[in-house]
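S.K.: Here is how the chains run, residue by residue.
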Amino acid sequence: MSDISPQEWTAILLSIRVAVIATLVSTPIGIGVAWLLARRDFWGKPIIDAIIYLPLVLPPVVTGYLLLLLLGKRGLLGAWLAEHLGIVFAFRWTGAALACGVMSFPLLVRPIRLSIEAVDRRLEQASSTLGASPWKVFATVTLPLALPGVLAGMVLGFAKAIGEFGATITFVSNIPGETQTISSAIYSLIQTPDGDAAASRLVMISIGIAVLALIASEWFARRATQRLHGN
Amino acid sequence: MVRAPRDATAARKLIVLRVDVFKQLGEFSVDVAFTSEGRVTGLFGSSGAGKTSLVSMIAGLVQPDRGVIAVDSDVLYDGSAHIHVPPHRRRIGYVFQDARLLPHLSVAQNLDYGRRMNRLTRDPTEETRITEMLDIGHLLDRRPGGLSGGERQRVALGRALLSQPRLLLLDEPMGALDEERKAEILPYLKRLRDAGDVPMVFVSHDADEMRQLATQVVMLKRGRVTAFGGTEILPRIIPAA
Numbered sequence: 001m002s003d004i005s006p007q008e009w010t011a012i013l014l015s016i017r018v019a020v021i022a023t024l025v026s027t028p029i030g031i032g033v034a035w036l037l038a039r040r041d042f043w044g045k046p047i048i049d050a051i052i053y054l055p056l057v058l059p060p061v062v063t064g065y066l067l068l069l070l071l072g073k074r075g076l077l078g079a080w081l082a083e084h085l086g087i088v089f090a091f092r093w094t095g096a097a098l099a100c101g102v103m104s105f106p107l108l109v110r111p112i113r114l115s116i117e118a119v120d121r122r123l124e125q126a127s128s129t130l131g132a133s134p135w136k137v138f139a140t141v142t143l144p145l146a147l148p149g150v151l152a153g154m155v156l157g158f159a160k161a162i163g164e165f166g167a168t169i170t171f172v173s174n175i176p177g178e179t180q181t182i183s184s185a186i187y188s189l190i191q192t193p194d195g196d197a198a199a200s201r202l203v204m205i206s207i208g209i210a211v212l213a214l215i216a217s218e219w220f221a222r223r224a225t226q227r228l229h230g231n
Numbered sequence: 001m002v003r004a005p006r007d008a009t010a011a012r013k014l015i016v017l018r019v020d021v022f023k024q025l026g027e028f029s030v031d032v033a034f035t036s037e038g039r040v041t042g043l044f045g046s047s048g049a050g051k052t053s054l055v056s057m058i059a060g061l062v063q064p065d066r067g068v069i070a071v072d073s074d075v076l077y078d079g080s081a082h083i084h085v086p087p088h089r090r091r092i093g094y095v096f097q098d099a100r101l102l103p104h105l106s107v108a109q110n111l112d113y114g115r116r117m118n119r120l121t122r123d124p125t126e127e128t129r130i131t132e133m134l135d136i137g138h139l140l141d142r143r144p145g146g147l148s149g150g151e152r153q154r155v156a157l158g159r160a161l162l163s164q165p166r167l168l169l170l171d172e173p174m175g176a177l178d179e180e181r182k183a184e185i186l187p188y189l190k191r192l193r194d195a196g197d198v199p200m201v202f203v204s205h206d207a208d209e210m211r212q213l214a215t216q217v218v219m220l221k222r223g224r225v226t227a228f229g230g231t232e233i234l235p236r237i238i239p240a241a
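Going down the list, the protein sequences come from chains A and B. Oh and the first sequence: position 61 is 61 in this note's numbering, straight run, nothing missing. Oh and the second sequence: position 156 is 156 in this note's numbering, straight run, nothing missing.
For the record, the hints were derived by calculation from the structure and aren't laboratory data. For glycine and all other residues, C-beta sits at the position ideal for the given N, C-alpha and C. A few of these clues could be false.
Claimed, not checked - Only some residues are given here: those of chain B computed to face chain A with a beta carbon under 10 angstroms:
| no. | residue |
| --- | --- |
| 1 | L61 |
| 2 | P86 |
| 3 | H88 |
| 4 | G93 |
| 5 | Y94 |
| 6 | F96 |
| 7 | P103 |
| 8 | L105 |
| 9 | R119 |
| 10 | L120 |
| 11 | R159 |
| 12 | A160 |
| 13 | P165 |
| 14 | L169 |
Claimed, not checked - Simulated pairs of lysine to aspartate or glutamate, DMTMM-like, Cα-Cα distance not exceeding 25 angstroms:
| no. | chain 1 | residue 1 | chain 2 | residue 2 |
| --- | --- | --- | --- | --- |
| 15 | A | K45 | A | D120 |
| 16 | B | K221 | B | D208 |
| 17 | B | K182 | B | E232 |
| 18 | B | K190 | B | D206 |
| 19 | A | K136 | B | D141 |
| 20 | B | K182 | B | E132 |
| 21 | B | K221 | B | D98 |
| 22 | B | K182 | B | D206 |
| 23 | A | K136 | B | E127 |
| 24 | A | K136 | B | D123 |
| 25 | A | K136 | B | D112 |
| 26 | B | K190 | B | E180 |
| 27 | B | K190 | B | D98 |
| 28 | B | K190 | B | E132 |
| 29 | A | K136 | B | D98 |
What the hints assert, rightly or not - Covered stretches of chain A, as calculated for chain B (at least 3 residues, CB under 8 angstroms):
| no. | stretch |
| --- | --- |
| 30 | 125 to 132 |
| 31 | 138 to 147 |
This is chain A alone, in the form it adopts within the complex (with noise of 0.2 angstroms):
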């Protein structure tokens, strides 16, 4: 593990940074989504129950091209993001967090809106008759109540961010310190005559990230039952 090389560092940092961010900026937009789907009945919820799980099962490829065709330097949003508030994600780390994001978005509001599911609405109801409103309701029971599985969504969110590859390459590319993360330096060394022991070395760290992924998520899970169980 000494001789792991700058550009190989630059890509493991880069990888983190990217999932740490968005994790982050998916997280409160899962809870919410989670909440909405958990709890609230309204016209087109299967609709937006679907486009929500649809990154999982379309090939990542596609993702990355559909982002492309909408947030890219001549995409229908992109154009406008680019020309009235100069945000670009084309090319940039930055649209590698947001295809991230997308990517990963089904795995961590699943956890959170089974979470949320499992709250007793009985104990909401009961905190209502004592003086809470549906906002306070939220934050003292219901997400409390959630919050293990809010971190477990928060994890495998996360772990599928750094391990993400298809719609990333597609829509940022594979840039060496702007866009290369983990897997896409993966995908070019092995491309590259000498690049198998450089390969193996990052092949050896993204299983790690993922075990600690799990082992922590399946922590998660199991406070929660605790939490619920209220001992």
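Using the hints provided, position chain B relative to the given structure of chain A.
M.R.: Quick look at chain B alone, frame taken from chain A:
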């Protein structure tokens, strides 16, 4: 929030509870009208009489199809005027059959919850008075998960009282308890009634409990009122020899 001083004269607070509601629930319907001024209004009937549906409507957790619910001159629900005050603004305490303590909070935090949500100032004398009245002072640091059924119910009672409701709904507060535990709760409810700081609606299917607590009784059967009056309207039970 301005509160009347707690002295002997204030300790006989009465309110007028006016209920006139209709609600269709599948094949069953609740169609109930009564006006009560008692210190403890009993809702008496066998299971399936619509007692819990009715208290849920008074609390605002279930919205009637039509009708009126008012506490004194304060209209909480009026179908024709499209008034439906949400539960958190009704100031009606609710003690559920299954206590419903918040499992992630300690007993002390559960007791303090209503005060925090209503942004009331802390009143240590009142807290002490209620924890002593209900004998729950020794439980304050515990989590609800480790409490017995009777302890849980007393904490739920204290929690509702400390949110300073103008009316307290007790929905079979002893329903989930065995005979021994019931005997453990009943004296506290009597104590609460006699302290008289909050009028109550007491729901039960047990005529004996009802006789011991209620000052007025609404008899319900299949969602309709069959009798209204004092405890003398309750069915007589021949005491076991």
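S.K.: It remains to establish, for every hint, whether it holds in the given structure.
M.R.: Verification of the hints:
no. : hint            : in the structure
1   : L61             : holds (5 angstroms)
2   : P86             : holds (7 angstroms)
3   : H88             : holds (5 angstroms)
4   : G93             : holds (7 angstroms)
5   : Y94             : holds (4 angstroms)
6   : F96             : holds (6 angstroms)
7   : P103            : holds (3 angstroms)
8   : L105            : holds (9 angstroms)
9   : R119            : holds (9 angstroms)
10  : L120            : holds (9 angstroms)
11  : R159            : holds (7 angstroms)
12  : A160            : holds (7 angstroms)
13  : P165            : holds (8 angstroms)
14  : L169            : holds (8 angstroms)
15  : A:K45 - A:D120  : holds (22 angstroms)
16  : B:K221 - B:D208 : holds (18 angstroms)
17  : B:K182 - B:E232 : holds (23 angstroms)
18  : B:K190 - B:D206 : holds (16 angstroms)
19  : A:K136 - B:D141 : holds (23 angstroms)
20  : B:K182 - B:E132 : holds (19 angstroms)
21  : B:K221 - B:D98  : holds (23 angstroms)
22  : B:K182 - B:D206 : holds (11 angstroms)
23  : A:K136 - B:E127 : holds (23 angstroms)
24  : A:K136 - B:D123 : holds (22 angstroms)
25  : A:K136 - B:D112 : holds (15 angstroms)
26  : B:K190 - B:E180 : holds (17 angstroms)
27  : B:K190 - B:D98  : holds (20 angstroms)
28  : B:K190 - B:E132 : holds (15 angstroms)
29  : A:K136 - B:D98  : holds (22 angstroms)
30  : 125 to 132      : holds (count 8)
31  : 138 to 147      : holds (count 4)
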